[in-house]
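Student: What follows is each chain in one-letter form.
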Amino acid sequence: MLSLSEEIPLVEPTGADGAFSLLWLVIALPLAGAAILLIGGALFPQALKVWGHVLGTLLPIGSFVISLVLFVQLMGREEGDRQVVQHLYDFIQVGDLDVGMDLLYDPLTSLFLLLITGVGSLIHVYSIGYMEHDERRPRFFGYLNLFVAAMLLLVMSENYLGLFIGWEGVGLASYLLIGFWQHKHSAAAAAKKAFVINRVGDMGLSTAIMLAFVTFGSTSFTVISASAGAAEQHVMTAFGLLLLLGACGKSAQVPLQAWLLDAMEGPTPVSALIHAATMVTAGVYLIVRSNFIFELTDTAQTVVVIVATVTLLWGAIIGCAKDDIKKALAGSTMSQIGYMMLGAGLGTAGYAFAIFHLLTHGFFKANMFLGAGSVMHGMNDDVDMRHYGALRKMLPVTFFTFAIGYLAIIGVPPFSGFWSKDKIIETALVENPVVGICALLGAGITGFYMTRLMLMTFFTKERWEKGVHPHESPKLMTIPLMVLAALSALGGFLLAGDWIVGWLEPVVGHAEHHEPPLPVIVITLITIGVVAIGVAAAFVLVGQREVPREAPQDVSFATRAARADLYGDAINDGLVVGPSRQLTSGLVTFDRSVVDGLFSGGATVVAGVGILLRRVQNGFVRSYAVSILAGVLLVVLALLAVNLA
Amino acid sequence: MEFDKPVLAYAELWPMLVVFGVAVAGVLVEAFLAREHRFRAQVALTLLGLVVALGGSIYVASELDTLRGGDSDEVVARGTITAGGTLVVDGPTVALWIMTLVFAIGGLLLFAERRLEGGLSAFAGQAAALPGTEAEREASTKGLDHTEVYPLAMFAVGGMLLFPAANDLLTMFVALEVLSLPLYLLCGLARRRRLLSQEAALKYFMLGAFSSGFFLYGVALIYGFAGTMNLAGINEAVRNDSSNQALLLIGMGMLAVGLLFKVGAVPFQSWTPDVYQGAPTAVTGFMAACTKVAAFGALLRLFYVAFGADRWSWQPMLWIVAILTMVVGAIVACTQTDVKRLLAYSSIAHTGFLLTGVLGVQAATSLGENEITSLQAVLFYLATYGPATIGAFAIVTVVRDAGGEATSFEKWTGLGKRAPLVAGVFGFFLLSMAGIPLTGGFMGKWAVFTVALSAGAWPVVLVAILSSIISVFFYVRLILLLFFRGEMPEEKEMAAADAEDAGGGVATATRTELATVTTPSLATTGVIAVTAALTLLLGVMPGPVLDLLADAGQFIR
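Which chain is which? The protein sequence lines are A and B, in order. The numbers in the numbering used here rise by one with no breaks, and the one at position 114 of the first sequence is 114. The numbers in the numbering used here rise by one with no breaks, and the one at position 49 of the second sequence is 49.
Since the hints were made in silico from the structure, they are not lab data. Beta carbons: idealized from backbone N, C-alpha and C, even for Gly. Hints may be right or wrong, so weigh each one.
As the list claims (entries may be wrong) - Pulled a few chain A residues facing chain B out of the computed Cβ check, cut under 7 Å:
id, residue
1, D90
2, I165
3, F195
4, F400
5, P414
6, L633
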């Protein structure tokens, strides 16, 4: 264990000077945008209608420019000197206890900053076109800016408490955006579901923070990474598992996965930004950032791997059966995050590849979601792929960019997804053959469902609704698509000469090189072969047949299960919601009959005090008093039992 | 026997005496001033008294004597024991005074609201007139007003200041009664829905008297055990005397019952929903915030100072009570369809969270250097709970329909459309109560959970975390109702079920009408704005307040 802990790099940043003193501005710009757009909405609504979206787009772009400058600065530094911290103000300072609002900037953060502000800005540009006819567009941009600010705080904070504030901030923004179209009842229900399920994960994270506090007397990464080696094993395991619970909620990993599919009720740019490219990957960030914890607890790492493997298959299977284009993509997101989690769970060997896949996924999934939005834009907001078909001629730009994203996600060389997924599968095979084979299988299923989606949308015969005239989207929407497509195609360059591995080494540590059981090239060929089988299967099952406009009902059990999200909701209902309903109704019956009594009727009965007195004496105060008496017995017996037993 | 004349430390006690003095002066105003001037005079007098007392408390806090530890020069506590050992003014006392007074000012400003009812206050025109009689109508048409509420509230505030300062069981009992009796009366003075209000008052009174009886019995038993009423003396006896354990334990239990009743812990919570709903909303806000502060202050002092040496015997009991309180509060709240009742159950759940902090007490030596003490955590929680509660009830007073305040969920549907600002602020208070970061509530919860965890009470913390997840559910449900136009089917069902329970009648007749926000006077607006700002500030920059509470130090014996 000791030899291991020596390899874990410590977080020991230096103070921020020079260009790094601009660090705070990266968060401040979008935060200011959110404040102006949300609060200003009440003060000068007319002005905001005109330039609100411009402001809301320029500010994240400003953040992107600063991030780029900082990134270049960081590249120019010595490798050992690439951690910078900026102290903003004391959040809590009592005696020796000190939690600062501190920002940490290191190679890991730098990549996230570029992803969030870069992809975020593109999505802002796209939204200008997408939300053009929405009356509440300034507010939409305000929420988006709020989200970007919170997400930046999440990845920039130097301690768990600040991270948690960002964590809750993105949750809140996501909740507001899922439910943005308030008139849709399904949107409101989805927003609520996302919020409540996320709270379960959040409680895991907040308990972890309390545990950190109790164990280390601090929540700072610097302090914890320095003293983690000295803590007891079971504490570290508990810590790791609690962090994982938090990550599961935010990243839609089994068993807290049920909210992500419903979250697709939000406007499509939101799905692209929050539920594909950035927020849902926060769990992966959390685990990679906490590498100094996970490296010390094998148990927690194993659980991460198990959760990841289950999820990557779970999401892929769901993706196979969905007819709603966004939900199919959401299933795919779940599955791809499973790959990232898998990479993160594999430890030092996998962290860099997890982040690499996170970045490439950010490019190609944002690309495809925005592409899906563009398709919906042309199809009168219909999301059912059974009503699509043969759209490649009508939406040439969308088709072309989407196709690049498709090639990237299924892992065709030389597109970005190939490089990143292949590395994770390879590392998994080295560490554990069973997990590796599951990951390989997942790649095959990915090939199947993505090909199915492609075929049903852009090929096969047209099955459009009457009166639908598919048309290409305006330039404002297609230009971001092109940029993202370029990134999806070329993202693999990050791996050139193992650049990203070397870049992240100061954060995640140097991995011993293990020889895989088979030569690397063989693994790669097998992966491509498995993907090809999946693609071929889709061609045979979807491409060669007539796609019915109504989903057929006489299908196998497996399809039915996948359509029902593998009964994720039913499991939740059975295990959690049902019993709690029972408990609640039991308590309510008690409350109604014993506590409430006729009280609620009291207001309606206009009667004299005499009646009132009679009723009071007749029952309910007496029953309250009985409950107090029972309480007295409880208290006294508890005291006596503990002490005299 | 030699008789020592007790010395009163006026320099420390004067803020409390000001409050009692103003209360007495208020009675004189009632007797001698013409009716039409009374309202202004009373409001001015009361607010002046509270502000002076608040300023005084802050001054006293800065001037407290320091007590140094035995061998080191470190300051261990600050304060002084006075009035023949019956009163103690130390750091925590003054911190509680300041909180009580700040919340009382907020509550009293709500009392003074007259714009909502078209120039009348929310209190009955003539409390003695039977509801629905000629006398009542006459009082109402004449525009009569009960300005006695101000001196009554001041007496209650005085009792609340005395309660946590009591260093002796009898003084504590007297304070308990002084704070309770005016509250019973205030609860029964609602202008609208008078039957509900009177019934609430009567219930509160009877159950309060019942629990006071237990408290008094506990005082007697503890006297029998220790031979003294003085908390420090009891502490000595607990340390040194192991005979008569049963007497001690039963006495301790009885005292606990009296205090747990006041804070509304399960199974002594049954009065809370009825009283919170029936009382005039301004009184509910005042009572919910201030009583909790005062009662938790007394609870902490009693258990830490008098029984601190024997905490192994009472901690398990508090574990059970805390767990029950959180679970029942959170779960039953999920089924409420009335905003005031929802807030009542939420306040029960908060009591459970506060108790989680109370049972997180440890010996000073076993605390790490960096840790906050349980006392500090509980005080901080109270500081975050108060503003959110008063603010939320203040908003309840302005959401109205033709029949006065509209508190059923149905009428609040879509309020976010009609009054986005008010609904937004209300949502913010709810988020704070739910403990979402960047609100005060988050920091408060975090503090109490941390101290309990560090004292090894992880089962309680686990339940606390589960119940806070449940509580998020009902807060968010209400927020959804405010902001999403379409009615939730489940809400509809439950409202329908509720209407059936209520016997149809009135409930169905008013179903279609939605509540709107009536513009209140500056007093209520100010209270809402300040409490919202405080809630935000405590969430974003809790440092200064936590620091002040750390400076307050420990209880002195």
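Student: Determine for every hint whether it applies to the structure shown.
Tutor: Each hint tested on the structure:
1. D90: At about 5 Å, which falls below the 7 Å cut-off, the nearest Cβ of chain B leaves the hint on D90(A) intact, so it holds.
2. I165: This interface hint holds because 4 Å falls under the 7 Å limit.
3. F195: This interface hint holds because 5 Å falls under the 7 Å limit.
4. F400: Status violated, d = 39 Å.
5. P414: Violated, about 43 Å.
6. L633: The hint is violated - L633(A) has no Cβ within 7 Å of chain B, the shortest such distance being about 9 Å.
Going down the numbered hints, you'll see the structure goes against 4, 5, 6, while the others check out.
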